[in-house]
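Asker: Sequence:
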Amino acid sequence: MKWLKPLVLFICVGYAPVLFAADPLDIRGAWRPEQYCLKDGPTHQVTGLITFTEKDWSVLFLIIKDKEPLRGSAEGGTYTLEGDKLVFRHLYNLSGGHAVEGMAVSDLTMRARDPKIADVPAESCTIQVKDDVLTIFFPSGNQMTFRRSSGP
Numbered sequence: 001m002k003w004l005k006p007l008v009l010f011i012c013v014g015y016a017p018v019l020f021a022a023d024p025l026d027i028r029g030a031w032r033p034e035q036y037c038l039k040d041g042p043t044h045q046v047t048g049l050i051t052f053t054e055k056d057w058s059v060l061f062l063i064i065k066d067k068e069p070l071r072g073s074a075e076g077g078t079y080t081l082e083g084d085k086l087v088f089r090h091l092y093n094l095s096g097g098h099a100v101e102g103m104a105v106s107d108l109t110m111r112a113r114d115p116k117i118a119d120v121p122a123e124s125c126t127i128q129v130k131d132d133v134l135t136i137f138f139p140s141g142n143q144m145t146f147r148r149s150s151g152p
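FYI, the numbering for the sequence shown is 1 to 152, going by our numbering.
Keep in mind that the hints were calculated from the coordinates and are not lab data.
Mixed in with the good hints there might be a few duds.
[Said to hold, decoys possible] Capping the alpha-carbon separation at 27 angstroms, the derived lysine-lysine pairs in DSSO-like fashion look like this:
id	residue 1	residue 2
1	Lys55	Lys116
2	Lys85	Lys116
3	Lys65	Lys39
4	Lys67	Lys116
5	Lys130	Lys85
6	Lys85	Lys39
7	Lys67	Lys39
8	Lys39	Lys130
[Unchecked claim] Simulated restraints on C-beta separations:
id	residue 1	residue 2	range
9	Glu54	Val105	32 to 42 angstroms
10	Asp84	Glu54	12 to 22 angstroms
11	Glu101	Leu60	17 to 27 angstroms
12	Asp119	Glu82	15 to 25 angstroms
13	Leu70	Pro24	30 to 40 angstroms
14	Lys65	Ala118	34 to 44 angstroms
15	Val105	Lys130	28 to 38 angstroms
16	Gly141	Ala99	13 to 23 angstroms
17	Asp119	Glu68	32 to 42 angstroms
18	Glu101	Lys55	31 to 41 angstroms
19	Ile117	Arg147	26 to 36 angstroms
20	Arg147	Ala74	13 to 23 angstroms
21	Glu54	Lys116	34 to 44 angstroms
22	Asp66	Ala118	41 to 51 angstroms
Positions of the beta carbon are idealized from the N, C-alpha and C atoms, including for glycine.
Could you build all of it, start to finish, from the sequences and the hints given here?
Answerer: Rendered as structure tokens:
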């Protein structure tokens with residue numbers, strides 16, 4: 001029975017970090033945008049969808065005012081996620097629209113980049129996932145909040 005106490009201690013100390021470690025963030029699936037908060041204060045109602053597969057992402061979001069879309073963006077590419085650090089590689093972009101509070105008018109822009117090129121623009125963000133709410137904190141200081149609509 002002398003071996004029982006060391007065994008219990010080994011199990012508790014050796015496996016506790018594994019048992020109580022936080023689950024890695026799993027953002028795979030589809031998320032609906034709810035708010036787009038600009039760093040200078042304005043908050044905009046948005047609609048659309050962002051999806052994450054194992055390594056790819058795409059988003060379509062529209063800023064809505066008085067039930068009408070005023071501007072929007074469709075983007076996509078690949079991503080990496082390590083802890084709470086999300087890095088978007090921007091391969092595709094279609095964006096433009098009217099001026100809204102905190103944002104000037106934007107002419108229609110279209111870009112398509114070769115995924116094989118190494119120097120594709122990358123955007124390093126921090127994320128927070130709480131229950132079914134994903135918040136992305138962009139390097140610009142802006143942030144967007146999404147609610148999970150499907151996925152793990």
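Asker: Run every hint past the structure and note whether it holds.
Answerer: Against the structure, the hints come out as follows:
1. Lys55 to Lys116: 15 angstroms, holds
2. Lys85 to Lys116: 23 angstroms, holds
3. Lys65 to Lys39: Roughly 19 angstroms separates the two Cα atoms, so the pair holds.
4. Lys67 to Lys116: The given pair, whose Cα atoms are some 40 angstroms apart, is violated under the 27 angstroms limit.
5. Lys130 to Lys85: Holds, at about 15 angstroms.
6. Lys85 to Lys39: The given pair, whose Cα atoms are some 19 angstroms apart, holds under the 27 angstroms limit.
7. Lys67 to Lys39: 24 angstroms, holds
8. Lys39 to Lys130: Satisfied, since the Cα-Cα distance of roughly 21 angstroms is no more than 27 angstroms.
9. Glu54 to Val105: 32 to 42 angstroms: 37 angstroms, holds
10. Asp84 to Glu54: 12 to 22 angstroms: At 18 angstroms between Cβs, range holds.
11. Glu101 to Leu60: 17 to 27 angstroms: With Cβ atoms ~21 angstroms apart, the hint holds.
12. Asp119 to Glu82: 15 to 25 angstroms: 21 angstroms, holds
13. Leu70 to Pro24: 30 to 40 angstroms: 37 angstroms, holds
14. Lys65 to Ala118: 34 to 44 angstroms: Check passed, 39 angstroms falls within 34 to 44 angstroms.
15. Val105 to Lys130: 28 to 38 angstroms: 35 angstroms, holds
16. Gly141 to Ala99: 13 to 23 angstroms: Since the Cβ atoms of Gly141 and Ala99 sit about 19 angstroms apart, the hinted range of 13 to 23 angstroms holds.
17. Asp119 to Glu68: 32 to 42 angstroms: 38 angstroms, holds
18. Glu101 to Lys55: 31 to 41 angstroms: Because 35 angstroms falls inside the window, the suggested range holds.
19. Ile117 to Arg147: 26 to 36 angstroms: About 34 angstroms separates the Cβ atoms of Ile117 and Arg147, which means 26 to 36 angstroms holds.
20. Arg147 to Ala74: 13 to 23 angstroms: 20 angstroms, holds
21. Glu54 to Lys116: 34 to 44 angstroms: 19 angstroms Cβ-Cβ, so the 34 to 44 angstroms window is violated.
22. Asp66 to Ala118: 41 to 51 angstroms: 44 angstroms, holds
The structure fails to meet hints 4 and 21 from the earlier list, while all remaining hints are met.
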